[in-house]
Structures are given as structure tokens and as C-alpha cells.
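A.B. asks: Below are the chains, spelled out letter by letter.
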Amino acid sequence: MSQGIPQRPQTQRQALPQHALERIQRSRNAQGQRFFTSDLSVKEFLLVRESGFECAGLVMGSSFYHVGYQRSDWSQNQELTVLTQAMYQARELAMARMEEEAHELGSDGVIGVRLHVNRHSWGEDLIEFVAIGTAVYARDGSSWRAPNGMPFTSDLSGQDFWMLLKSGYRPVSLVMGNCVYHVAHQSLRGWFKTVGQNQEMPNFTQALYDARELAMERLQYEAQLDGASGVVGTQIHESTHGWDAHVIEFFAIGTSVLPIPQREAPPAPVLVMTVNE
Amino acid sequence: MSGLEASHPFTSELTIDELLLLEDVGFEPLELLLGASYFHIGYQTSSFSQNQELLDMSQMMLLARQTAMAEIRAQAQALGADGVVGMRLEIEREGHHAEFAALGTAVRRRAGDGTKYRDRHGRPFTCDLSGADFWGLLRGGFRPLALVHGVCVYHVAHQSLRGWFSSIGNNCEMPAFTQALYDARELAISRAQHEAQSAGASGGIVGLELREGNHGWHSHVLELVAVGTAVSALTEPEHEQHTAARAVLSMRDA
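Protein sequences appear in the order of chains A and B. If you count the first sequence from 1, position 216 lands on 253 in the working numbering, and the numbers rise without skipping. If you count the second sequence from 1, position 179 lands on 477 in the working numbering, and the numbers rise without skipping.
Treat each hint with caution, since some may be false.
Said to hold, decoys possible - Stretches of chain A that chain B covers, calculated by requiring three or more beta carbons in the stretch to come under 8 angstroms of a beta carbon on chain B:
{"hint": "1", "stretch": "51 to 64"}
{"hint": "2", "stretch": "119 to 125"}
{"hint": "3", "stretch": "179 to 190"}
{"hint": "4", "stretch": "219 to 230"}
{"hint": "5", "stretch": "270 to 283"}
Unchecked claim - One-sided and incomplete, this derived list gives chain B residues near chain A with beta-carbon spacing under 8 angstroms:
{"hint": "6", "residue": "R483"}
{"hint": "7", "residue": "G514"}
{"hint": "8", "residue": "H516"}
{"hint": "9", "residue": "H518"}
{"hint": "10", "residue": "V546"}
{"hint": "11", "residue": "L547"}
Just so you know, the hints here were simulated from the structure itself, not pulled from any lab data. Ideal Cβ placement from N, Cα and C applies to all residues, glycine included.
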């Protein structure tokens with residue numbers, strides 16, 4: 038394992054604000070029936086029901102974070118660990134709060150999780166992270182929670198969730214890895230040498246290669262910690278978040294999965310030719 | 299009112315696919331409706347250093363939306379429609395004045411009794427569903443009831459100078475800001491939920507969308523809006539339940 042991996046805060050339980058608790062309590066009506074709120078589309082909602090799950094409610098977590106400062110060497114490729122940690126911790130806090138809401142709702146897991154990064158004009162170094170998803174529970178009362186006893190989390194859509202279950206896997210947790218990297222500036226001499234030439238820029242290649250690998254490696258490490266057997270739907274996002282142009286964050290996110298012990302054979306896909314343009 | 303003559307041509311925003319799907323579940327479009335309200339969205343003073351909801355503003359922003367929607371609902375009722383699909387709301391701002399415009403297509407049950415699709419006061423349902431989503435919902439054993447809104451206008455406290463100094467150069471969470479936005483969002487969602495429950499929805503809300511806006515106010519004042527369609531289970535589904543979903547590979551290039 039490489040150094041500087043942001044340690045996953047050992048599922049530190051988060052306290053929820055008062056309004057969140059009140060809303061969760063009101064998701065059952067006077068007769069004790071459930072009443073859900075969900076950002077799933079109608080198609081997703083129907084597929085979730087068809088997979089044997091019901092929507093429990095919209096769950097959310099947020100964290101407003103002050104990102105610290107780190108000096109970067111103008112001419113050096115290097116990871117900015119202070120920034121990496123900040124971006125990671127803030128996301129983890131938002132996710133942990135969302136998980137806690139799902140736990141309070143008594144759900145088995147959360148699907149369709151989206152992570153937003155917001156900036157407001159209140160301060161340059163302030164970033165807000167929001168995690169939103171729909172909590173679901175199994176209709177037959179079976180438990181689908183992750184091995185650590187908390188609800189599973191996943192960024193899969195309703196359609197993907199249905200497909201994943203059909204193919205014999207279940208989601209475990211949303212895993213992520215990130216790396217904020219400073220890409221070295223080219224020296225004047227280096228610039229002169231390349232003017233008008235076709236050639237690779239080994240410095241830049243290596244910097245971006247490195248940063249991506251680090252983010253992926255951390256994502257994989259998280260999945261292993263969770264006892265998952267693989268990660269699906271991994272995406273790598275790249276953003277400078279308004280920093281200096283040479284500072285880039287690579288952010289990898291995916292859903293870790295485990296095989297379902299007694300699984301049926303996955304259905305054979307039907308070939309369809311669409312007439313729509 | 300008896301509604302439109304059979305020969306009257308309809309107007310709608312629906313695509314051909316949506317039209318066919320509406321027809322398939324026994325509905326026909328009647329007319330494209332427009333409702334508008336015009337409000338002065340002024341400013342309420344707020345304490346510089348306090349996280350607080352601007353209650354008057356929240357109520358006003360909700361009332362403006364409800365006025366535009368109520369107008370559509372009244373027009374639909376006058377037409378003899380059973381509901382409105384594809385409803386959406388647009389806000390156009392000029393200085394401190396804003397126009398809230400609502401748009402939607404009134405639909406009616408073609409044959410038989412459409413009244414069971416209306417709400418318990420006999421008013422037409424409203425929803426922001428497309429024709430395809432409407433079709434899917436009915437086939438899935440649910441019906442739309444009302445487009446619901448939850449609104450919260452919130453003033454986020456300014457950070458004290460001491461707080462600012464202690465955070466320079468450090469990684470740390472800003473609990474006051476976190477709490478403010480967290481609170482505002484939870485309030486907006488729970489109000490949408492409350493509106494749906496008091497409209498008599500027995501199922502839940504689908505397709506909820508959370509929007510954030512600052513309508514030309516001070517930068518520390520934010521509006522959080524939760525919009526979604528409240529649904530109820532159909533007591534006696536008259537459409538066949540949709541067949542089991544199947545995995546499909548499209549021949550089309552991505």
C-alpha cells in the first residue's frame with residue numbers, strides 16, 4: 038500500500054440534525070403505514086418494486102468543509118496530501134450522515150446515490166459536499182445490509198440495481214478514492230526543445246498516470262476493506278475545483294458488490310432493434 | 299360544464315410516443331394550459347450572524363408557485379379534465395419582481411368514469427410526469443395525485459472573524475454552514491412530504507427534485523425547493539399489471 042492513503046474514518050457514527058430526525062419520524066403516518074419520498078423516476082421506482090424492494094425515503098447528508106492550504110513546488114510532480122485528505126474527509130462525512138439517515142429509517146440500503154460538490158460565494162476555500170439517495174428495504178423482511186451491519190450504499194440507478202440483482206450480485210457499499218495532484222510546470226529549456234515537434238511529454242504523462250492510479254488504488258483498497266468481491270460502474274472524474282490550473286483532483290467512485298449465495302441463472306438478454314431515432 | 303365538443307381539436311406539448319401511451323391507458327389530451335402569477339420577491343432583513351429560516355419569504359415563494367398551479371387546476375376543472383400531465387413551473391425574474399408560469403396538458407379519461415383519478419375533493423390531479431411515466435405508473439398500479447412543493451428560504455450566518463482566523467490554512471469542517479444547508483434541505487423535503495400527505499397520497503412521492511436558487515438576493519440567502527409527484531395506489535387497477543421486466547440489448551450504437 039502506498040503512503041498517505043486517507044484512512045477511512047472507522048464508520049464513525051454521525052449525529053443527525055433535529056429536522057432530519059423529525060422528517061424521518063414523519064415518514065410513517067398515523068396508521069403506522071410507510072410514506073416514502075424518492076428522487077427515483079417512475080421507471081426506477083417500478084423496477085425497484087419488481088426486484089422485491091420498497092422505497093423507504095429520501096436520505097441525505099452534507100458537509101461544509103474548509104480546505105486547507107498546501108504549498109506546491111512549481112517544477113515538481115507531487116500529490117497534495119492536504120487537499121486530498123480534505124476532499125476525501127468531506128465526502129466521507131456527507132456519506133456517513135446519509136448512511137445514518139438510512140439506518141434511522143430502518144432501511145436495508147441506499148440506491149441512486151449522487152455526490153454533489155457545491156461552491157458558494159462565502160469563501161474561496163469553502164466547498165460543500167452533498168450526498169443524496171433513496172433508501173430501500175426488502176419487502177420480505179430479509180436483511181440486505183452490508184457486512185458491517187449498516188445499510189448498503191450504491192450509486193446504481195433503479196435499472197442497474199435490478200440488473201445487478203438479476204445477474205446474481207448484491208451491492209455492498211459505495212467506494213471511492215481520490216488524489217489531488219500538482220502537475221509540474223515545464224521548464225523554459227524543456228519548452229524550447231519541444232517547440233514545433235511531435236513528441237510525448239513524459240512529465241505530464243507520468244503525473245496524470247500517477248494520480249489516476251493512486252485514486253483507483255485507494256478505491257480498490259476500500260472495497261477490499263469492506264469485504265467485497267469486486268467493484269462495478271467505476272467512474273473517474275477529473276476536476277480542478279477552481280484551483281490553480283496545474284492542480285487536478287482525480288476522483289474514482291464505484292459500487293462494490295458481493296455474489297448472492299443461492300443465485301438463479303441470469304436471464305438471457307433479448308435482442309431488440311429500436312425504430313426510434 | 300360539459301367540457302369540449304368531440305370535434306374540438308386538442309393542443310398539447312406531447313410527443314407522438316407520449317400521445318400513443320396516453321391513449322393506451324385510456325386518456326386523451328384536451329388542451330395545453332398556462333397559469334401565471336406575478337410576485338414581488340423582496341427581501342426580509344435577517345440577523346447577520348444567525349442561521350435562520352426567513353419564514354415570510356418561504357411562505358411567499360410557496361404561495362407564488364401555488365397560485366400559478368391553482369390557476370391551471372381551475373382551468374382544467376372548467377374543461378372537465380380529470381388531470382394535468384407534464385406540468386412544469388418556470389420562474390422569470392426582473393429585478394425584485396418575478397413571474398411564476400406553470401404549463402401543463404389537461405387530459406381526460408376517454409370512456410368510462412375518470413372521477414376516480416381525481417382527488418378526494420373532485421379536483422383534477424396534477425403531475426410533472428411525461429406520457430411514458432404516466433403510462434408506467436398506471437400500469438404499475440399507482441396513480442398520480444398532485445405535484446407537491448416544499449420551499450425553504452434560509453439565511454446562512456456569516457462566519458465570525460475569530461472563526462475565520464482559526465480556519466486559515468487548515469482542513470476542517472464548518473459546522474455552522476453544514477448545519478444551515480442541511481436544515482434548509484430537510485425542511486424543504488419534509489414540507490413536500492407533508493403537502494403530499496395532506497393531499498391524501500397513500501403511496502409516496504416519486505421523482506423528487508431538489509433545487510437550489512438565489513433569486514437575486516444577498517449571497518447568504520438561499521432558496522431550497524423540493525418538487526415531486528405524490529402518488530397513491532390504485533384501489534381497483536383496471537389496466538393489466540405490466541409484465542415482468544426483461545433484460546434487453548439495444549441494437550443501436552450508444
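A.B. asks: Could you run down the list of hints and mark each one as holding or not?
C.D. replies: Evaluated hints:
For a cut-off of 8 angstroms, the count of residues in the stretch 51 to 64 of chain A with a CB near a CB of chain B stands at 7, and the three-residue condition holds. Judged by the Cβ-Cβ criterion of 8 angstroms, the stretch 119 to 125 of chain A is covered by chain B as claimed, because 3 of its residues qualify and three suffice. Residues of the stretch 179 to 190 of chain A with a Cβ under 8 angstroms from some Cβ of chain B number 0, which does not satisfy the need for three, so the listed coverage is violated. Coverage of a stretch by a chain is defined here by at least three residues with a beta carbon nearer than 8 angstroms to that chain's beta carbons; for the stretch 219 to 230 of chain A and chain B the count is 0, and the condition is violated.
With a cut-off of 8 angstroms between beta carbons, the stretch 270 to 283 of chain A has 0 residues touching chain B; three or more are needed, and the interface restraint is violated. Satisfaction of the interface hint for B:R483 is found here, the shortest Cβ-Cβ separation to chain A being roughly 6 angstroms, below the 8 angstroms cut-off. Because the smallest distance between the Cβ of B:G514 and any Cβ of chain A comes to about 13 angstroms, over 8 angstroms, the interface hint for this residue is violated. Hint on B:H516 is violated. Least Cβ distance to chain A is approximately 10 angstroms, over the 8 angstroms limit.
Interface restraint check: B:H518 against chain A, minimum CB-CB distance 7 angstroms, threshold 8 angstroms, status holds. Hint on B:V546 holds. Least Cβ distance to chain A is approximately 5 angstroms, under the 8 angstroms limit. The beta carbon of B:L547 comes within 5 angstroms of a beta carbon in chain A, closer than 8 angstroms, and the hint placing it at the interface holds.
Violated hints, in rising order: 3, 4, 5, 7, 8; the structure is consistent with all others.
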